[in-house]
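I would like the entire structure built from these sequences, with the hints used as guidance.
Residues per chain are reported as follows:
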Amino acid sequence: MRDFYYLRANSIDAARQAAALPGAMLLAGGTTLIDLAKCGVTEPETVVDITYLKGLDGITVDDRGATIGALARMSSVADHAEVKSRFPAVSDALWQAASAQLRNMATIGGNLMQRTRCPYFRDPANFPACNKRTPGSGCSAIGGVTRGHAVLGTSEACIATYPGDLATALVAFDAVVHLGDRQVAVDDFFLLPGATPEREHAIAPGEMITAINIPASAAAKRSTYLKVRDRQSYEFAAASAAVGIEFEADGRTIRDLRVALGGVATRPWRARAVEEALKGKLLEADIVKQASLLAIEGAVAHGANHYKIELAPRVVARAILKMGETA
Amino acid sequence: MTVHDVRSRHGDSKRGDASDGAIFAEAVGGRLSRVDGPAKITGAAKYAVEQQIDGLSHAVLVESTIAAGKVRSIDTAAAESAPGVLLVLTPDNALRLNTATDWLGTPPPDIPYCPLAGDITFSGQHVAAVVAESFEQAVAAAALVKVAYDETTAIVDLDDPKAGDGIPIDTMTKEWGDAQAAFAAAPVRICAAYNTPREYQAPMEPHGLIAKWQGDRLTVWEPSQWLDGMARTYAEWFGVPFENVRLVSPFIGGGFGSKAFAYGYGAVAAMAAKMLGRPVKLVVTRPQTFTAYGGRAATRQTVALGANAEGRIQSIVHRGVNETSVDGMWVEPLGSVTSIMYATPNFSSRQNVVRVNTVVPGALRAPGENPSAFGIESAIDELAYEVGIDPLEIRLRNYAEQDPEAKKPWSTRQLREAFAAGAEAFGWSKRAPEPRSMRDGNQLIGWGVAAGTYPVRRAYGEAMVRILADGSVEVESSSIDMGQGTYTILAQTAAEVVGVPAEDVVVKLGDSRYARAGVTGGSRLAGVMTGAVHKAATAALDQLVGLAISDPNSPFHALQANTLVVANGRIASPRGDGPEVSIAELLGSVGRSQIEAMGDTMPANSTADDRYKNYTTIATALSHTEGDYSRHSWCAHFVEVRVDEDFGTVRVSRVVSGLDSGRLYNPKLAESQWKGGIIMGIGQALLEEGIVDRRHGRIVNNNLADYLIATNADIPDIEVISVGIPDPQSSALGGKGVGELGIVGVAPAIANAVFHATGKRVRDLPITLEKLI
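The listed protein sequences correspond, in order, to chains A and U. Just so we're aligned, residue 1034 is where the first sequence starts under my numbering, counting upward by one. Just so we're aligned, residue 87 is where the second sequence starts under my numbering, counting upward by one.
Check each hint, because a few of them may be wrong.
Once the Cα atoms are required to be at most 27 Å apart in a straight line, the calculated BS3-like pairs of lysine-lysine come out as [claimed, not checked]:
1) K493(U) x K260(U)
2) K1254(A) x K1117(A)
3) K857(U) x K1322(A)
4) K846(U) x K1322(A)
5) K846(U) x K516(U)
6) K1355(A) x K232(U)
7) K232(U) x K1071(A)
8) K1322(A) x K1355(A)
9) K1322(A) x K1312(A)
10) K248(U) x K156(U)
11) K1071(A) x K1117(A)
12) K1071(A) x K846(U)
13) K232(U) x K360(U)
14) K494(U) x K260(U)
15) K126(U) x K761(U)
Treat the hints as calculated values from the structure; they're not laboratory data.
This is how it looks when you write it as structure tokens:
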């Protein structure tokens, strides 16, 4: 870790100006930035501390939706009564993320900006080749230890998995990221690696996440986040699914369905093909399991991660069926 | 430095219930809570590298990024000119150290030792170090050290085609009868291969030290399972007398076998401190804990069982392989449980060791017994299904009534009782025999059983006991407490012998200036040290009573008694006639400031050299089969797992274990240790695996987010049942080993339960979800 300048921002504008400086990085909960600085992945010239900004940690929920300030803590959102009742998948995703200590520190804005757990990305001293870290240097992961790597949305340049849980739920429910002057759909905020894996988010220097908004919907109200992993707690997903469902008046026919996958793709992965295949259908186990296979259309395995192609549709199907049980 | 004041921290010592005949919780056998607990919980306990030392400088290691080859050059210019840098250490400017005696007591070769490598034999090897005024400056400068390598091809692991069959270790060979012929002739035969991966101790407290020289005297603050052994190593490295090295290790944040030796980074720090003339602190990073010393070696075993139709074993043929490093030798004794668990007329076990490009592996809770049990306890489960017998019944049917290998009676073996108590509490009789026959929705439920064992490792001990003017008792030993309860049980022992409440006993540990102690490893410390303290305390009590009877100023002088009794800190005659005074009052009357007794359990004719060897090597350790008996702890684990049939995830939902560790000095602490072992075993079975990038020979999951150990959420209620009886052949007070027993047999019990749940036999640990979907 090298020396850096520390600036404490006293207004959003000041924070954004400082963030536009070359080599500047925002500091909120610090759970990602400090971790990556210790690994030698990030070497900020300037750290802009935004934790003293007022008014960015609010959580408001009404009939139109939820607005969550960028500095709201993961644990505060997870435990918010209205979030739990109107957006259970969001609360579930947060509760199953990280550890209690990390959730108490980490902010929602920082959570969206968290970076991959790819071990090659995180060890520059031993693995100089990483297109995400050093564009054009190559990918150390391809041909290496790939058990946790992505099977969806990969490119020849990068197969790193997007690790987060919250964003998977947000993508399912059409959440919007507020960047001060402009707003971006969460689904557009996370970028596919393609040939430029170093670009992960649709955010420009000098921009800062100020809030996220999740529109209310019947599907969001009847939703869940199912996370499958070897360890019961404090592990990233082998595969996860955020699912919300709305039935017609008969209580059996699917009117609206939202499905997103986590732990298997290079970004939070909305599975629209599954949604479309099941809308208007009766919720029946065989139909759901068949449709869930559409979740991994186009999946490509890289060695040890092939199990994710088997696992992901099963997680999706289980989550959808679980939402049907509680009709 | 290491004074541990029991009196101010005795917590709930009054609330424990008595057991094992102890009349109060503070006596041996009572359930006294850990006396060091409050200090640890409140943060008052200062660990080795938390010591505040004036003038401290900070060292950071530079590690090899290749697994095999040579260092061609090291460019230190940028690092040397970086802010705050005091020293950049490479093999070129390193002090010439001596090679030290190893832990077995083998005289060292007369060649210099350098903790910084020019020849690279594994990724993560120390090649240089940077010392700076601040830790941050050292980290920044270490990144500026440029190392150029000439890389050669590495042998990455046991599966590497270049690894070969390895070196036969003849001392591991055990043969009786004609195992091959008996196996070939057996009506029922099973043969399978069982593998365990590299596993790591992953202690919460990382390794590290502060080294400070004053002239030719060295003080090292370092977490240690063996102060005197490590002090000897430092002394020999630097060519100073043993007495000139002081090791201080008041508390240890987890060792699990990894903190018994001085490692290369210790030599780096002590060398830098000597060169700079100021104290140096070096703490390895979490990733470095995977390469600065070794974890459990990866192992491969083949177990062949030949049996008759009733499941009675006719022959066991066992072959084992473990990895070691290119230039070091680690033998993980894979036949250790195989040869003693079941009666068999024919037996053969052999073992090879294969050199690969890794750090030399080391001890991790129950080295040998742990992987050995995974082999034999999985295999006998397979045999049970093959012949259609209940897995518990087949174990009883092959029960070894004496040690099949040593051909000696067991000192005590309450394994049948462990099976019975565990099965009863678990409800084993309600088990449906067929695999996949128990389920709850998507969850397949399986019940499995396996046995475990660990030898009683015995050694000689030493302790200082003082009775002080205020009537309190002080115990000193350079042994340590890494959470297992040494502070507590030694207080209980001294309290019982002298006759004072445990809260009036101060136990001082973790400083090599105190009475010497051998290694805290192999589950031997409690048995060794309670014996030594018992002896020293008895001598102190004899002095006290002698004074009371014979000193002309004693209030008992006129009584003409042969003996006196001391209870609850007060002295009286056995018949209750005459005076009753406190110990403090007596010492005051006779004008003594203290009574002091050093006790040891060494043979009477031992020389000073014998004693030195005893405390600084394991050369004098007594075999568990020495004399007329074979001495071991025993256990039986009963496990319930729930396996998600779609996801392949395994959750342990219930554990009941019957355990025989002989007499328990403190049941509460023994139960905690057993449970800790079982918890570690759950992690080993389901989660733990050092994953090697086969192109680079490097562990890639070298952190606690990616190297998975069990969390609270992974651990169900665990019921442990003590079935032990006092075993006078095993220790002075009748106890057998506790610390390592609990983990042995857990992994096979879980694998057996997974088979019962799913019908799928997993023979490669850990049992991760992709192996079951």
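Against the structure, the hints:
1. Proposed proximity of K493(U) and K260(U) is supported: the alpha carbons are some 13 Å apart, at most 27 Å.
2. Using a Cα cut-off of 27 Å, the hinted pair K1254(A) and K1117(A) holds, with the two alpha carbons roughly 9 Å apart.
3. Proximity of K857(U) to K1322(A) is assessed by CA-CA distance (about 22 Å); at most 27 Å being required, the pair is judged to hold.
4. The straight-line distance between the Cα atoms of K846(U) and K1322(A) is roughly 24 Å, inside the 27 Å bound, and the hint therefore holds.
5. Between K846(U) and K516(U) the alpha-carbon distance is near 22 Å, which keeps this suggested pair within the 27 Å criterion.
6. In summary, the hint linking K1355(A) to K232(U) is not supported, as the alpha carbons are separated by about 56 Å, beyond the 27 Å threshold.
7. Proposed proximity of K232(U) and K1071(A) is supported: the alpha carbons are some 19 Å apart, at most 27 Å.
8. With a C-alpha separation of about 12 Å, the suggested pair K1322(A) and K1355(A) falls inside the 27 Å cut-off, and the hint holds.
9. Straight-line distance between C-alpha atoms of K1322(A) and K1312(A) comes to about 14 Å, which keeps the hinted pair within the 27 Å bound.
10. Only pairs whose Cα atoms come within 27 Å are accepted, and K248(U) paired with K156(U) is accepted, the gap being roughly 20 Å.
11. The suggested pairing of K1071(A) with K1117(A) is violated, with an alpha-carbon distance near 35 Å, which exceeds 27 Å.
12. Taken as a hint, the K1071(A) and K846(U) pair is broken in the structure, with Cα atoms around 42 Å apart against an allowance of 27 Å.
13. Straight-line distance between C-alpha atoms of K232(U) and K360(U) comes to about 25 Å, which keeps the hinted pair within the 27 Å bound.
14. At roughly 16 Å between alpha-carbon atoms, K494(U) and K260(U) fall within 27 Å of each other, so this suggested pair holds.
15. At roughly 20 Å between alpha-carbon atoms, K126(U) and K761(U) fall within 27 Å of each other, so this suggested pair holds.
In summary, the structure is inconsistent with hints 6, 11 and 12 from the numbered list given earlier, while agreeing with the others.
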